[in-house]
Structures are given as C-alpha cells and as structure tokens.
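> Protein chains in written order, with this note's numbering: chain Z, 16 to 125; chain G, 153 to 267.
Bear in mind the hints are in silico, worked out from the structure with no lab data behind them. The beta carbon of each residue, even a glycine, is placed where N, CA and C say it ideally should be. Only true hints are included.
Just so you have them, the derived chain G footprint on chain Z, three or more residues with Cβ under 8 Å: (1) 56-63; (2) 114-122.
Cβ pair distances, simulated, as ranges: (3) G:Thr265 x Z:Thr35: 32 to 42 Å; (4) Z:Lys74 x G:Lys166: 41 to 51 Å; (5) G:Asn222 x Z:Gln29: 43 to 53 Å; (6) Z:Pro96 x G:Phe191: 18 to 28 Å; (7) Z:Thr66 x G:Val267: 43 to 53 Å.
A few chain G residues that don't get close to chain Z, going by computed Cβ distances all over 10 Å: (8) Cys165; (9) Ser170; (10) Phe180; (11) Thr230.
The residues making up each chain are set out below.
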Amino acid sequence: TQLLEQSPQFLSIQEGENLTVYCNSSSVFSSLQWYRQEPGEGPVLLVTVVTGGEVKKLKRLTFQFGDARKDSSLHITAAQPGDTGLYLCAGGSTLGRLYFGRGTQLTVWP
Amino acid sequence: GAVVSQHPSRVICKSGTSVKIECRSLDFQATTMFWYRQFPKQSLMLMATSNEGSKATYEQGVEKDKFLINHASLTLSTLTVTSAHPEDSSFYICSAKGFLNTEAFFGQGTRLTVV
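I would like the entire structure built from these sequences, with the hints used as guidance.
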C-alpha cells in the first residue's frame with residue numbers, strides 16, 4: 016500500500032517551461048520532505064515543510080504543504096536541463112520514519 | 153546539511169556469500185538509522201528502522217534473518233545481506249536522523265550485484 020501518491024510519474028518538458036508535481040495522501044504527516052535523486056546516488060534533501068499551508072521557495076522551486084498536512088506540491092518555474100532527476104516526496108511520522116511516494120522522473124530537454 | 157557516508161558504493165559478490173554495508177554519520181549523532189532498498193526506476197522502500205542500542209524494527213515482508221542490521225553506536229549502522237542471491241541485487245540506501253532533527257540525511261547508496 017502506497018501511503019503517498021505522487022503524480023505525474025514521468026514528465027518530459029522543454030527548457031523554459033513550468034511544471035508542478037503533486038504528492039497526495041489520506042494520512043496526516045508531521046512533516047513532508049522533498050528530495051531529488053540522481054542515478055546511482057542517494058536522495059538529496061531539497062526542503063522540509065512542517066506547518067499546514069506553509070510555502071517555501073528555493074530559487075525557481077516553490078514548495079507548498081496543504082492546510083490539512085496531507086498533501087504537497089512542488090512547482091518549478093522556467094525549468095532547466097540541470098533540473099532533470101527523480102523527485103521524491105516523503106511524509107514523516109512522529110517516530111521519524113519516512114514514507115516515500117513513487118517519485119516523478121523529470122526530464123528537461125535543451 | 154549533515155553528512156552521512158555509506159560504504160562501499162559498489163559491491164559484487166558470489167551467490168551464497170554475505171555482504172556487509174556500512175552507514176556512518178560523520179558530524180552528528182544518529183539516534184535512528186533507516187535502511188531502504190530501491191529497484192531500477194522505482195522509489196525507495198523502507199526495509200527497517202534501527203535505534204542505537206536496540207533491535208531493528210523490520211517492515212512487513214522483510215526477512216530479518218537475511219538482512220541483519222546492527223546499530224551499536226551513535227555513528228555507525230551496518231546492514232549484512234546473508235547468503236546473498238541474485239534477486240537480492242539492488243540499490244541499498246541508508247539514512248540517519250539525530251534526536252533533535254526533523255530531517256533524515258541519506259548516504260550515497262550501495263549498488264549490490266550478486267552473481
């Protein structure tokens with residue numbers, strides 16, 4: 016059973032386009048994290064959101080945590096080829112365990 | 153962010169042998185470590201959670217006698233794949249979390265190939 020549903024699973028766009036990745040759950044999480052993973056490497060943490068309705072910006076990336084702390088979105092503005100990678104959302108429990116979505120494989124073409 | 157080092161990055165072993173993977177937190181005390189497995193083009197599946205000095209808690213479907221986890225110190229956890237078979241070939245990743253940290257930080261991963 017997948018606690019976190021992430022969509023879309025694959026996304027292939029041209030450089031300069033905008034995109035949004037969604038992460039939805041029926042469960043409430045104490046925190047939600049977004050990671051980016053390159054092939055053959057471990058995931059790298061991009062951001063953690065903990066407060067319902069919270070919005071965080073990291074350069075061209077905007078992260079939002081739903082008011083009920085069950086869902087989140089990642090929006091990338093003017094995507095670049097360097098943004099290519101596997102984007103993973105993960106919900107955190109109070110015990111520190113992380114439950115990952117299936118991931119979104121993003122490819123940005125020059 | 154905090155640094156977690158995983159070793160080795162790649163290992164090839166013969167079927168029937170055992171392989172040990174180390175996960176170290178270099179600049180913080182990891183009260184909890186997590187071990188994940190990742191198949192190609194798929195997400196991370198949590199295998200087990202270990203707290204320093206305690207027995208690991210395994211996720212449903214993960215054989216604890218096959219995947220031995222030791223977390224004897226606040227900076228080191230090991231995963232030993234015993235009597236490895238080709239179907240155990242995968243990418244194994246650890247993450248570590250300190251007592252006061254919200255986030256867990258990941259190691260670089262270990263590519264295990266059993267031949």
